[in-house]
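Please construct the entire structure, taking both the sequences and the accompanying hints into account.
Protein chains in written order, with this note's numbering: chain A, 10 to 130; chain B, 80 to 190.
No lab work stands behind these hints: they were computed from the structure.
One or more of the hints may lead you astray.
To be verified - Partner residues are not named here, just some residues of chain B that face chain A (Cβ under 10 Å, in silico):
1) Gln85
2) Glu88
3) Arg91
4) Glu94
5) Gly120
6) Gly122
7) Phe151
8) Leu166
9) Ala168
10) Gln170
11) Tyr176
12) Pro178
13) Gly181
14) Arg182
15) Gly183
Built from N, CA and C at the ideal position, the CB exists for glycine as well.
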Amino acid sequence: DGGITQSPKYLFRKEGQNVTLSCEQNLNHDAMYWYRQDPGQGLRLIYYSQIVNDFQKGDIAEGYSVSREKKESFPLTVTSAQKNPTAFYLCASSIFPWQPGTGALTTGEQFFGPGTRLTVL
Amino acid sequence: EDQVTQSPEALRLQEGESSSLNCSYTVSGLRGLFWYRQDPGKGPEFLFTLYSAGEEKEKERLKATLTKKESFLHITAPKPEDSATYLCAVQDGGGSYIPTFGRGTSLIVHP
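This is the structure:
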């Protein structure tokens, strides 16, 4: 079955420590995203990537870093510079909404992974 | 800037009591409006995409409708297993394909 996997499900970070969250998809999607979800708030975009070896900052990129070395993988590193990292992290993927040939923009529904809950000790 | 407002924030229903959730949006040309269901501690599950005013889509007890300013998610004769947070998101017709999400409506259906 095609889908998105995230690991680990739960992660604990000590002060000053960098941690990496894994995200893998086998949907053959070009675009991948990382969101942060806090209680009472909507999804906030951290980083996104349209193609391999390219990614852009979202609304709250400070204290986070990503890489996109393979189409299937988009790991997120939460660095020690992120002062309030306790949250639920969601990875998503979608087709790249630009239609080949015409260049027209279509919709690209996002499909989400199960999430990683990060807690600072 | 695209804006999405969902109401109410929370809704409690008795089993079988039909109701509607609202998603109001402001966008410069709607490309698509998405509905998701999110269970506690899990990732959102895609439900529907609506493209233009007047469009409707159904799935079991859920029906989503769209106007030029808002979308409704109608829940007919809900069951306790329909309890979840429902998220709405819009994608505008400009160059950015990144959707804007609302904060969601938390639905609890009591048996």
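Evaluated hints:
Hint status for Gln85(B) relative to chain A: holds, with the closest Cβ pair at about 9 Å, below 10 Å. Evaluation of the Glu88(B) hint against chain A yields a held restraint, the C-beta minimum of about 9 Å falling below 10 Å. Given the 10 Å rule on beta carbons, the hint for Arg91(B) is violated: about 17 Å separates it from the nearest Cβ of chain A. Interface hint at Glu94(B): violated, since its Cβ lies 27 Å from the closest Cβ of chain A, which is beyond the 10 Å cut-off.
Interface hint at Gly120(B): satisfied, since its Cβ lies 7 Å from the closest Cβ of chain A, which is below the 10 Å cut-off. Interface restraint check for Gly122(B): the shortest CB-CB distance to chain A comes to about 4 Å, inside 10 Å, so the restraint holds. At about 19 Å, the closest approach between the beta carbon of Phe151(B) and any beta carbon in chain A exceeds 10 Å, and the interface hint on this residue is violated. For Leu166(B), the interface hint holds, the least distance from its beta-carbon to any beta-carbon of chain A being 8 Å, beneath 10 Å.
At its closest, the beta carbon of Ala168(B) sits 8 Å from a beta carbon of chain A; the interface hint therefore holds under the 10 Å criterion. This hint holds: Gln170(B) has a C-beta 6 Å from the nearest C-beta of chain A, less than the 10 Å allowed. Annotation: interface hint on Tyr176(B) holds; nearest CB of chain A at approximately 4 Å, less than 10 Å. Interface restraint check for Pro178(B): the shortest CB-CB distance to chain A comes to about 7 Å, inside 10 Å, so the restraint holds.
Residue-level restraint check for Gly181(B) holds (minimum Cβ-Cβ distance to chain A is 6 Å; threshold 10 Å). Checking Arg182(B) against chain A: minimum C-beta separation of about 4 Å stays under 10 Å; hint holds. For Gly183(B), the suggested interface contact is upheld, since its CB lies about 7 Å from the closest CB of chain A, less than 10 Å.
Taken one by one, the earlier hints fail for this structure at numbers 3, 4 and 7, listed in ascending order.
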